[in-house]
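Under UniProt numbering, think of the first position of the sequence shown as 1, with each following residue one higher.
These are calculated hints, taken from the structure and not from any lab test.
This list has only true hints and no planted wrong ones.
Only pairs whose alpha carbons sit at most 25 Å apart, straight line, appear in this in silico DSS-like list of lysine-lysine:
(1) Lys495 to Lys597
(2) Lys540 to Lys495
(3) Lys195 to Lys163
(4) Lys195 to Lys540
All values derive from a computational prediction rather than experimental measurement.
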Amino acid sequence: MALEPELPSLEADDNPELRDFSRRFWWTLPLSLVVMLLAMFGHRLHLMAMATQSWVELVLTLPVVLWAGAPFFQRGWQSVVNRSPNMWTLISLGTGAAFVYSVVATVAPGVFPASFMSMGRVNVYFEAAAVIISLTLLGQLLELRARAQTSAAIRSLLGLAPKTARRVREDGQEEDVPLADVQVGDRLRVRPGEKIPTDGRVLEGRSAVDESMLTGEPVPLTKRPGDALIGATLNTSGALLMRSERVGAETVLSQIVQMVAQAQRSRAPMQRMADGVAGVFVLAVAAAALLTFFAWGLFGPAQGWVFGLVNAVAVLIIACPCALGLATPMSIMVATGRGATLGILFRDAAAIENLRRVDTLIVDKTGTLTEGRPAFERVVPAAGVDADTVLRLAASLDQGSEHPLAAAIVAQARAQGVALSSVGDFESGSGIGVRGRVDGHALALGNTALMAQVGVDVAPLSEQAEALRTQGASVMHLAVDGALAGLLAVADPIKASTPEALATLHAAGLRVVMATGDGQTTAQAVATRLGIDEVHGEVKPQDKLALVERLQGEGRVVAMAGDGINDAPALARADVGIAMGTGTDVAMNSAQVTLVKGDLRGIAVARGLSQATVANMRQNLGFALVYNGLGVPLAAGVLYPLTGWLLSPMFAALAMSLSSASVVGNALRLRRQRLPGA
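Please take these sequences and the hints and turn them into a complete structure.
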């Protein structure tokens, strides 16, 4: 198999294995279809003599087996050399046996007893070899495309970084340079609307920097001289002069990229379990084929060794059933389609299989439990002041501010139809608030630090302010002409569906853990309101990753639900990562499950679909194995001493068709199965 880079580049990587398998599949698929049609209908249509038809099928099958199927025979040989039998062993043995037997039957039919002649030829199995190889190639194409998507998360992360930086030289001149040329200690100019080029610290200027893509928090942080800056975050308002402190692989963004890549590589593939089962199955089939050969040769009638060879080949052929190959993919295909109609996107089969086993769910707060954007909460007027007046004056003053909290206040006033006045002498307080004149009054709106600057006593409303903070709200004081007029609270509201979703998850026996970058007080307040079992506040991306690993170390099966880049490493490392469809592309690419509507209730539905799908897969495997359990003894000729029956090609074809039809029909039941919460 082709090697994959540990860290994909920003450009989409060319996958030579995917390209090679696509070419092999599409070039030989028509040949497989023609061979299958000839085998099914050639004798009925009398297109040609049956002996001639065998030669035509041989010519058509040669490129399918020897060229298209070459990678499978190589893998099968390696499994034998390395003493690790798996599905490739089974596929190569079955298709190889079918092909070699059919070639001998076509080239030298005289070596077979007359009883094996039917309609002028010895029955051949070219269609079985060709169709199995084509189906296997199709499965490999789907798997390779899914694997190629795993690097999309890392490319999305890499794409966040700006391509260039504006460097300020010692003589004061400025120049745009590639980001790779930035060195530690360089002075960089960041204009409004530009991304911070690399990690560093503010030298001059003040501005609000939106760090939500990395921290998950919706409110921009005011940066002033001495404050730290994170590369790839967005400078929203003022100009900044910064000094770079970490570049290249040392930046926060690069470290997150490395964590996502490492977490994705650390997931154990589910195929190991399937290969383990296949290994036992392969050994059992090989033993049955050998036993058949020697039993017929030693104890059979005349020409017993020929009968033994033919029946041993029949055992190998019947033991490479389409039904066993369809059992899991059909259930997965139907389940993913059903999930998509319900707004649940599964990345791969492992996610569907693992979700049912989850007993612990880690959730982010912002954008997962909450809406992810600031919304006006309430007004608390001071004694003798009207609440509408407080809102009108605050919104009029905030018209001159670009801060999201200000935008929430202005939006609320306009929603209530409040007529806003013009503002004069507007002045921003660098993260502590704003000042200005409205209707001839001197106004100040901001935190307690601004109130202290203007000499306003906030004690009369301090209890109300603290109560609002404990509910997770950001509180601003409004002073009018040097006197406290009231409080305004803006908060990130909890989604209406969140309480119901958490109640459903608790009822299903899941332990819910909240991990957020918010302060511990705000996090605890939200957790108390929602009845969350465990709370972790002020966590960084690496802390969320460590939390997932710690819970996994305790033997828990962990799902992580989040929507931001800061959640990406934990989403990738969790047994099942669940991304909100309303979040970032990086979160969705890192997760195994995406809830398109961003509604946590979808987790309960997805878990129910996982349980139903796994049960359906087990039923399908049961159908396939029952058919094989009956087919192998018949192919070996156990009924011959009693009845004189041997497994005819027509019966084998019928058994294979029935087993496949049973698997497909059972898998389609998933489209109508009831799911909790759906």
